[in-house]
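Undergrad: So you can see what is in the structure, the chains are spelled out below.
There are 2 protein chains.
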Amino acid sequence: MLTLYGDIRSGNCLKVKWLLDWLGRDYRWIEVDILTGGSRTPEFTAMNTAGQVPTLVFADGRPLAQSNAILLTLAESTSLIPVDDYDRAVMLEWLFWEQYSHEPYVAVARFQRAYLGKTAEEIEARLMERGHGALARMEARLSEPGREWLAGTRVSLADLALVAYTRVAHEGGFDLSGYPALRGWIGRVEAAFGIV
Amino acid sequence: MLTLYGDIRSGNCLKVKWLLDWLGRDYRWIEVDILTGGSRTPEFTAMNTAGQVPTLVFADGRPLAQSNAILLTLAESTSLIPVDDYDRAVMLEWLFWEQYSHEPYVAVARFQRAYLGKTAEEIEARLMERGHGALARMEARLSEPGREWLAGTRVSLADLALVAYTRVAHEGGFDLSGYPALRGWIGRVEAAFGIV
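As you go down the protein sequences, you meet chains Z and C in turn.
Counted from 1, the first sequence has number 130 at position 130 by the UniProt record's numbering; the numbering is strictly sequential.
Counted from 1, the second sequence has number 119 at position 119 by the UniProt record's numbering; the numbering is strictly sequential.
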């Protein structure tokens, strides 16, 4: 059986959980509280020297980290990875962009406000600017005529990876009322994966 | 023919160039000076709304961004992507880790020192600490008995992606003398790809 070490408040962990549920896979969830150093214990870092959640452990005991690497591995040969070469490439582009240009702003601002208790004024202006830049880029993409999903013509891992922190962006102080296409897309992705 | 828009000083761009050369692909390199806003012009952002290099344009005119997404797409069905499921998953893990936990520190410190002209004292302490943390993690990995490459048993995209900024880490003030396994690995990866 698969074992997933994760913090239930973390979008990076939840996206893996949602995929496992969607796939109907049998797995065990082990809660790791990152705020109290749960991912920095000797036991944890023996498994993942990066000290990060999520970390998936296969039935044979071998570990795998990095949320989007886990998604790509678990979703292999499913409809969540486009068969078309270009669509698949674009899906990969969104996965890397998510970790480089979206998560470090949208998720970090949310973490600081919702978990560290910072006020709006205590959040670095750069986080909010870049977070809004990322949301605006998604809004433009999803406003293209006929575009329902980020990559290709059906729901893919790009949508799953990006929805994780976008749907809770308001907890980081990002007002989504100015992003109507994004809000419509969030609803579609939640429905596709049964995210409540 | 393929067209690669890149800044020749950027490791993210060079890794794609090295792969194209290794594959023997025919391509055109178009230099984009990121310091003078070359990736933020209306012409450029019409191609990549993220305003980032590298951006690859296929023969049919369709663009693809994010260095590691480009690597995965161009290297498909080559020996640089392990056939073994677990090795391939681990390769993906290193690709995402590179962009999240290595590049934002090692490459950014180098950029600030080598291109913006900052002194060692002007570099945020956090960048250096986290950069050294990333290098130490690679050193530990490459010090495992018999381990020559980051993922699997032969050179892969993980090595190519990680070597790009690791080999020039000293330009960001990271002294590599304390990382002997890393230095040996850099030499192996450079030899494997003919990087000079």
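These are calculated hints, taken from the structure and not from any lab test.
A couple of the hints might just be wrong.
For identical chains, the list gives no copy identity; a pair is met inside one copy or between any two copies.
For lysine to any residue, the following SDA-like pairs were computed, each having C-alpha atoms within a straight-line distance of at most 25 Å [what the hints assert, rightly or not]:
#	residue 1	residue 2
1	Lys17	Tyr86
2	Lys118	Ala192
3	Lys17	Met1
4	Lys17	Val57
5	Lys118	Trp29
Undergrad: Hint by hint, say whether it matches the structure.
TA: Status of each hint after checking the structure:
Within a single copy, Lys17 and Tyr86 get their C-alpha atoms only as close as 27 Å, which misses the 25 Å cut-off; across copies the closest is 20 Å, which meets it. For a Cα distance limit of 25 Å, the shortest separation of Lys118 from Ala192 qualifies neither inside one copy, at 33 Å, nor across copies, at 48 Å. With identical chains, the CA atoms of Lys17 and Met1 are at most 25 Å apart within one copy only, with a shortest distance of 14 Å there and 41 Å across copies. With identical chains, the CA atoms of Lys17 and Val57 are at most 25 Å apart within one copy only, with a shortest distance of 13 Å there and 35 Å across copies.
Taking identical chains as interchangeable, the C-alpha atoms of Lys118 and Trp29 are never at most 25 Å apart, the minima being 29 Å within one chain and 46 Å between chains.
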